[in-house]
Amino acid sequence: MEIQVERRAAVAVLAIAGSVDGATAPALVAAFREEVGGGWIRIVGDFARVDYTSSAGLRALLETVKETRQRGGDLRLAAVQPEVRRVLDLAGFTGILKLYDGVDAAVASFGA
Amino acid sequence: MDSPGRSRVAVVIGSGSVKCAAALGLFKVLRSEGIPIDLVVGCSGGSLYAAMTAFGWDVDEAERKTRTLWTKELTRRRNTRALLRAVLPGIFGFDEQFGLVDDRRILARLEEAFGEARVEDAKVPLYLTATDFHTGEQTVFAKGRLVDAIRASIAIPYIFQPWKVDGRTYVDGFLSDPMPIGVAIKEGADVIITMGFESPYQTRVSSVLRFAFQLSSITSNNLLKANYAFHNLAHHHEILPVIPQFRHKIHLFDTARIPYVIEEGERAAEKQIPYLRQLVAARPA
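Those sequence lines, one after another, are chains A and B. Going by numbering that gives the first Met the number 0, the first residue of the first sequence is number 0, and it counts up by one from there. Going by numbering that gives the first Met the number 0, the first residue of the second sequence is number 0, and it counts up by one from there.
Check before you lean on any hint, since a few could be wrong.
Distance windows between CB atoms, simulated [stated by the list, open to error]: (1) Q3(A) / P258(B): 41 to 47 Å; (2) Y200(B) / E1(A): 34 to 40 Å; (3) P25(A) / S216(B): 36 to 42 Å.
None of these hints come from the bench; they were simulated from the model. Remember, it's a predicted structure, so these values are computed and weren't measured experimentally. The C-beta atom is built at its ideal place from N, Cα and C for all residues, glycine as well.
Excised from the complex, chain A in its bound form (with noise of 0.2 Å):
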């Protein structure tokens, strides 16, 4: 997995490529984290290039999703891919986080 990580006025944008598993999760994590604790608490997730996801990887998302409100801020997916999306779906994590068609329309909507 890469993780590649963009700064657009408050918001964090990490672009990932790969399977967010439990192979991968912990450099998820701590990629998050290194983010939240810097005070970026608004990020955004660059789904277009991720091709997976596990029950550790949803894990891993919920644990940063739970860290950013907790201080106000969120964190919202773009370009879920379809086979992505049915997993969000089937874990009912389409009913709890802000998903968006591509990043701008993400981080804009931290403005709105």
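Go by the hints and put chain B onto chain A.
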């Protein structure tokens, strides 16, 4: 479950009628890649494939049996008396043994396929789920006559009458959990490979039965998601969903499409192999 010195692997096949044949593709890939299976859980249509695999059938044999077991003839013979009971309960009497289809054919075919085999005799520990008609609770068959367990697990509401085993009445497993991952968690699995399908929604609600099916699909699909969400968060290790994508619509008795269904199951499974190898090699942290 004994500790095998590596991650313990369970395969859970949920409901989904003929789509569940995709499980054969999944099992084929797991076998050819040497991924061990420590237990198998099946529900509704998935109980057939869970059983076939747990008893060591090869994929070709299971495919052949599916084509003869699961055909349109199963529902051709209506249970006229049940219909009369539903419409005129005062005259004909109505009770819980209600099903619009004469179930003698399905029972005969199950007996032909599985004979007097018992669940506890499976080569790989096998768990089949049904739902207690009176309490709504999930029941797990880990022993007993295999045909009884499968027949209870596939007692599709309105279609096949509930099935009695040892004095208790059972309906389809999907009514308590369409993808019973909880059974694998409870039985000590670390890595849970799961395949299940949402119930299809009706394109046209042109009869009372279709109306009932629609409501049933709404309920069971929401139940599937609620349970899946809980199991994902509750499990200590990994749950890997293997969800085939069908480019063609698969109907209830689309046996002609079984080779295609299996192929898609294979394709979906192959994507998980590298990660699965990694997971199976080590004990969970």
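Here is what the structure says about each hint:
1. Q3(A) / P258(B): 41 to 47 Å: Holds: the Cβ-Cβ distance is about 42 Å, inside 41 to 47 Å.
2. Y200(B) / E1(A): 34 to 40 Å: holds (38 Å)
3. P25(A) / S216(B): 36 to 42 Å: holds (38 Å)
Every hint, counting from the list given before, is met by this structure.
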